[in-house]
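Sequence order for the protein chains is A and B. Note that the first sequence covers residues 67 to 618 in the working numbering. Note that the second sequence covers residues 67 to 618 in the working numbering.
No lab work stands behind these hints, which were simulated from the structure alone. Predicted, not measured: the structure shown is a model, and the values here were computed from it.
Sample of chain B residues at the chain A side, in silico, Cβ under 10 angstroms:
hint	residue
1	Ala99
2	Ala100
3	Ala109
4	His138
5	Asn149
6	Lys155
7	Gln177
8	Ala186
9	Arg187
10	Gly233
11	Phe345
12	Gly453
13	Val520
14	Asn541
15	Met549
Example chain B residues on the side facing chain A (calculated, C-beta under 10 angstroms, incomplete):
hint	residue
16	Asn89
17	Met107
18	Gly116
19	Leu136
20	Lys173
21	Tyr174
22	Leu178
23	Asn188
24	Ala228
25	Ala347
26	Pro349
27	Ala454
28	Ala494
29	Gly526
The beta-carbon is built from N, C-alpha and C at its ideal position, and this holds for glycine as well.
Protein chains: 2
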Amino acid sequence: MMNGAQALMKTLVDAGVEVCFSNPGTSEMHFVAALDSEPKMRAVLALFEGVATGAADGYARMADKPAATLLHLGPGLGNGLANLHNARKGKVPVVNIVGDHATNHVKYDAQLQSDIETVARNVSPGFVRTATSTATLCKDAAEAIAAARSLPNQVATLILPADVSWGEGGTPSAPLAPPKPAPADDATIEAIAAAIRTGKKAALLMGGRSLREPSMLAAARLAQHCGVVLLAETFPTRMERGAGLPPIERLAYLAELATVQLTDVEHLILVDAKAPVSFFAYPGKQSYLVPDTCTVHTLAAPHQDILASLEKLNNALGASRAKPRLQTGQSPGRPKGKLTAEKVCKAVGHVMPENTILVDESITSGLMLSAMTAGAPRHDLITLTGGAIGQGLPNAVGAAVACPHRPVLALIGDGSAMYTNQALWTMARERLNVTTIIFNNASYSVLNIELERVGAEKIGAKAKSQLDLRGPVLNFAQLAQGMGVHGVRVDTAEDLLKALDYALATSGPHLIEVMVPESLSGMKRRILPWMLRSLPSLPLPVTRALKKKLAP
Amino acid sequence: MMNGAQALMKTLVDAGVEVCFSNPGTSEMHFVAALDSEPKMRAVLALFEGVATGAADGYARMADKPAATLLHLGPGLGNGLANLHNARKGKVPVVNIVGDHATNHVKYDAQLQSDIETVARNVSPGFVRTATSTATLCKDAAEAIAAARSLPNQVATLILPADVSWGEGGTPSAPLAPPKPAPADDATIEAIAAAIRTGKKAALLMGGRSLREPSMLAAARLAQHCGVVLLAETFPTRMERGAGLPPIERLAYLAELATVQLTDVEHLILVDAKAPVSFFAYPGKQSYLVPDTCTVHTLAAPHQDILASLEKLNNALGASRAKPRLQTGQSPGRPKGKLTAEKVCKAVGHVMPENTILVDESITSGLMLSAMTAGAPRHDLITLTGGAIGQGLPNAVGAAVACPHRPVLALIGDGSAMYTNQALWTMARERLNVTTIIFNNASYSVLNIELERVGAEKIGAKAKSQLDLRGPVLNFAQLAQGMGVHGVRVDTAEDLLKALDYALATSGPHLIEVMVPESLSGMKRRILPWMLRSLPSLPLPVTRALKKKLAP
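One chain only, chain A, in its complex shape (with noise of 0.2 angstroms):
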């Protein structure tokens, strides 16, 4: 005889999901006592819950199956939800567990009552359902979890009375199986293959579950024998990079920029992607970066058999045979003197062990990131995929869970660390391999670039003092021992990858704080470079232009 709570950690584990990112409250010991009913089962603890749902999400990536969330109440979705943001932007499979007062309780409104569904809406738009019986639990369960599985991926948010949970007569449901995805119809490739043949420049803009190497290959394919430009979104959820694989340039995160690698693409072919739009809107500026003489086309939808249609495409032209052009390896020098963001990426890419699991949330300070790492030992990139900072070092926990046998390499900002520092404690707690790189320039240095971006005028003292992070500057490393995690400190390139030696070397989790303080006219002369080095596909003019623009 099985209560609700363990009849659904079995219908879990039965469908795979095997791993519980949780912060419980009271209404949720029920699924806590359950865990140890399932040995299949496994719990890791977080002290926020955000720290749980941007876990599930890294576990996901990396797994390419869901975890589960425990969270409690309405105020405990509330903080998961930036990253369950991030998960639904990513197309990301999570299934959330929050549990709520029991039926007959909640009409009495006590302290922790509150509209759990109008929260979870935001995250979880295509399934959020209370359980209502103990019966019928495990039917929403599975239910909730090919929701999640199914293309796209998505949150899948169940709401657990604590009376469904503790009620007897719980039984397990089987797994559903998700739908199978079609590829393309044949009307579609021969729309997109004819539009390849005009010879017009075509760019194929790859994202979501497509950059991963067997649709990368079969894209390169179609590169080689046609010409056609290879893009990858701005902020993909899991890219395969590195020596040996097609490289991929990423669309800028700066709309002119991105603007400039659109220029002159007459066909738009989309990959499990969405057209380009610009991540914030600007005065006077346009938010859709796509040229006004491209057409968009759509190869493949998020719902859709990705590789099936881009492999149908290369039959269709003739590609299918065509040697893909692969990255060769070569990893950069070893940087010297004092730190700056840049030398930070340099040293990153002269010792990213192969097999690296890199989750990049630096946002200034790793502009140098990419172009670093290209050649660099094959490696898995993780990135921000919904703008909600706070991502990365959950993410981090997540993906050190589910590859517990690979190096975790997460860059962070210093603005972004703060959200959900304690993903330090649970990396301490599960011994996890993540070697994290705090970048502590003591400010929300995006900001200062985004507030000249926005056009605001006469900025004040009091403005000012909303992007800087100083008066104390953080102490990164007294963090990471406060929460049990080996920290230091460096400044200068020698001691940075002494301590970047040691952490790969060392297992357990390392933190590592990178001291690169900067101005925005510093940041301003570092940007331009960034871009001539790491866009190969700009002509010249366009740089020239650029420069122009946007000199210091």
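Given chain A, work out where chain B should sit, using these hints.
Chain B in isolation, oriented as in the chain A frame:
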């Protein structure tokens, strides 16, 4: 000529909203730039939105007027939701300004696009509005402020698209006066007076705004004259206490105890309070704690004039000139030796200066706090109104901003402190006079009790690990130092007293980490004497029964 943000800033300060707790992003940059256009507006930066919202809550509790928050789209509101929930449950006014994409950018579903309103409805059911034009923005803002300030006070959310903010033609709006509350009508007064006149056991349950000196004195006159018992709600938003004020016993958190406090009450008279229900539901136990034979009366609902209602009742019963019983001044002696949670509470009672603002989120460790500070010099108590932990540190920030010349003493459980630890940085940056005591028992201690109370059986290793904050034990002194706050760790009463003396004598923030490891059975042994001492209302047979029921 003003833009929307500048006019909004003026509208806010004209209505008395003079502090903005902010965590901005790009879509809020014009609001940030406008800060310098309005000298009366103070902006306080938080490194996490839950700190900003909790600070706005704490500020309003002490300033008796709302602050604004500045949050970045849906994820920013999500991060702030838990403490807005606490504000909502405490009937605290807060004005949220949530930045959004420019109106013409919404259709592109950019990375940070989400349904903000659906999140806001969780905490702002009474007022959620998206501004649609610069011309009408300030009217929307004035209405939001008036909604927050109308009784019962509430969280009002104004969503501010970037183009509404940057658009020219902003026109400040004059403040709208919130409706004036009326006292209870004559029929209600007469019915309650008649009930009291029967001589049957009657109790006043006081909550919300009634726990301030004038209403407390009026209630104490009634108690003195008519023998009515005075009770306060379990988690007061703000309660004035200490020597010279009427002593009012709070209803216990544990339903088992609250039921005892309500034994034999035949008339329960609500004063800005709800009829008591248990915090959570438990299998086979009643949620509603009012005895079956008890009649519930509402003297003053949250939207009414509380003091006038109490005075009307006193007039009807001839109690207006009764001499209220007042708490005499008496503080506990100096604790000695190895620390326990009880000794920490004793030390606090021993040293607490006049006019302290006591923020209590100490959960199980603070069980003795109420008894130990009952006769302390007059002070204000702020508690966890909505049950969403992570409130105390941010509340302390806001209280210190509202009352810069009063000492703030925040007692926080280790589990609670981690949710919003970033508040320490804001304390350091604003040089706030906050002394934080962190009870480090390396456990979600309350959940150990709750796990038993909900009747979860067979508690295994995995379940226990979810309530256990060891491996590694957090070091809060190091965390404080990492955020620029003076931090020490102590494990004897002598060291604690020394640290408290230093902290209270030295301006700026301090953190004292008290090491109070405790077993579950130890905690049970502690609960019983606490009940006996801190709940003087319990008649002897009841304490005997309880002793039997709760003995370890």
